[in-house]
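Undergrad: Sequence:
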Amino acid sequence: MALFKSVSAAAVVGGALLALRQPDGRLDAAHFSTAVFARASLTLWLAGLVLGAAWSVLVYPHFVSPLRHLPTPPGGHWLLGHGPFIVKSAPGVPVRTWYG
Numbered sequence: 503m504a505l506f507k508s509v510s511a512a513a514v515v516g517g518a519l520l521a522l523r524q525p526d527g528r529l530d531a532a533h534f535s536t537a538v539f540a541r542a543s544l545t546l547w548l549a550g551l552v553l554g555a556a557w558s559v560l561v562y563p564h565f566v567s568p569l570r571h572l573p574t575p576p577g578g579h580w581l582l583g584h585g586p587f588i589v590k591s592a593p594g595v596p597v598r599t600w601y602g
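If you count by my numbering, then the sequence shown holds residues 503 to 602, one letter each, in order.
Treat the hints with care, since some could be wrong.
As the list claims (entries may be wrong) - Straight-line distance between alpha carbons at most 25 Å, and here's what the computed SDA-like set of lysine to any residue pairs gives:
1. LYS507 / LEU551
2. LYS507 / THR536
3. LYS590 / PRO575
4. LYS590 / THR574
5. LYS507 / TRP547
6. LYS590 / TRP600
7. LYS507 / TRP557
8. LYS507 / PRO563
9. LYS590 / GLY577
10. LYS507 / ALA521
11. LYS590 / VAL552
12. LYS507 / ALA556
13. LYS507 / ALA518
14. LYS507 / VAL538
15. LYS507 / PRO573
16. LYS507 / SER567
17. LYS507 / LEU548
18. LYS507 / ALA532
19. LYS590 / SER567
20. LYS590 / GLY578
21. LYS507 / VAL559
22. LYS507 / HIS533
23. LYS507 / LEU520
24. LYS507 / VAL552
25. LYS507 / SER558
26. LYS507 / ALA537
27. LYS507 / LEU546
28. LYS507 / GLY550
29. LYS507 / VAL566
30. LYS507 / TYR562
31. LYS507 / LEU553
32. LYS590 / GLY602
33. LYS507 / PHE539
34. LYS507 / LEU560
35. LYS507 / LEU519
36. LYS590 / PRO576
37. LYS590 / TRP580
38. LYS507 / GLY517
39. LYS507 / ARG541
Hints in this document: simulated from the structure, not taken from any laboratory.
Using the sequences and the hints given, assemble the complete structure.
TA: Structural data, given as structure tokens:
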């Protein structure tokens, strides 16, 4: 939820700054364009969500998380973990195979 709020706030601020910017680089409220604001905000918002999702799924768990060195059962899917094995097996079977 924090990612969604921060990306949304950054997209609105970035869109406003891009809509206010003139070709010579100065900011001018008299020439504010709603279409430029909407397009820039949407583009920044989508880019922020894609980058935030990539960080959360690919970078954080493997390189930054303090839990990355905890021992885990062997195998498992990079995204789904051991979920498919647990769903296909009878209750308690995965735990018995992992811990003997």
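Undergrad: If a hint holds in the structure, say so; if it doesn't, say that too.
TA: Hints, one by one, checked against the model:
no.: 1; hint: LYS507 / LEU551; result: 10 Å, holds
no.: 2; hint: LYS507 / THR536; result: 22 Å, holds
no.: 3; hint: LYS590 / PRO575; result: 17 Å, holds
no.: 4; hint: LYS590 / THR574; result: 19 Å, holds
no.: 5; hint: LYS507 / TRP547; result: 10 Å, holds
no.: 6; hint: LYS590 / TRP600; result: 15 Å, holds
no.: 7; hint: LYS507 / TRP557; result: 16 Å, holds
no.: 8; hint: LYS507 / PRO563; result: 21 Å, holds
no.: 9; hint: LYS590 / GLY577; result: 15 Å, holds
no.: 10; hint: LYS507 / ALA521; result: 21 Å, holds
no.: 11; hint: LYS590 / VAL552; result: 32 Å, violated
no.: 12; hint: LYS507 / ALA556; result: 17 Å, holds
no.: 13; hint: LYS507 / ALA518; result: 17 Å, holds
no.: 14; hint: LYS507 / VAL538; result: 22 Å, holds
no.: 15; hint: LYS507 / PRO573; result: 34 Å, violated
no.: 16; hint: LYS507 / SER567; result: 22 Å, holds
no.: 17; hint: LYS507 / LEU548; result: 13 Å, holds
no.: 18; hint: LYS507 / ALA532; result: 29 Å, violated
no.: 19; hint: LYS590 / SER567; result: 29 Å, violated
no.: 20; hint: LYS590 / GLY578; result: 13 Å, holds
no.: 21; hint: LYS507 / VAL559; result: 18 Å, holds
no.: 22; hint: LYS507 / HIS533; result: 28 Å, violated
no.: 23; hint: LYS507 / LEU520; result: 20 Å, holds
no.: 24; hint: LYS507 / VAL552; result: 14 Å, holds
no.: 25; hint: LYS507 / SER558; result: 15 Å, holds
no.: 26; hint: LYS507 / ALA537; result: 22 Å, holds
no.: 27; hint: LYS507 / LEU546; result: 13 Å, holds
no.: 28; hint: LYS507 / GLY550; result: 11 Å, holds
no.: 29; hint: LYS507 / VAL566; result: 22 Å, holds
no.: 30; hint: LYS507 / TYR562; result: 19 Å, holds
no.: 31; hint: LYS507 / LEU553; result: 14 Å, holds
no.: 32; hint: LYS590 / GLY602; result: 19 Å, holds
no.: 33; hint: LYS507 / PHE539; result: 18 Å, holds
no.: 34; hint: LYS507 / LEU560; result: 21 Å, holds
no.: 35; hint: LYS507 / LEU519; result: 18 Å, holds
no.: 36; hint: LYS590 / PRO576; result: 17 Å, holds
no.: 37; hint: LYS590 / TRP580; result: 18 Å, holds
no.: 38; hint: LYS507 / GLY517; result: 15 Å, holds
no.: 39; hint: LYS507 / ARG541; result: 19 Å, holds
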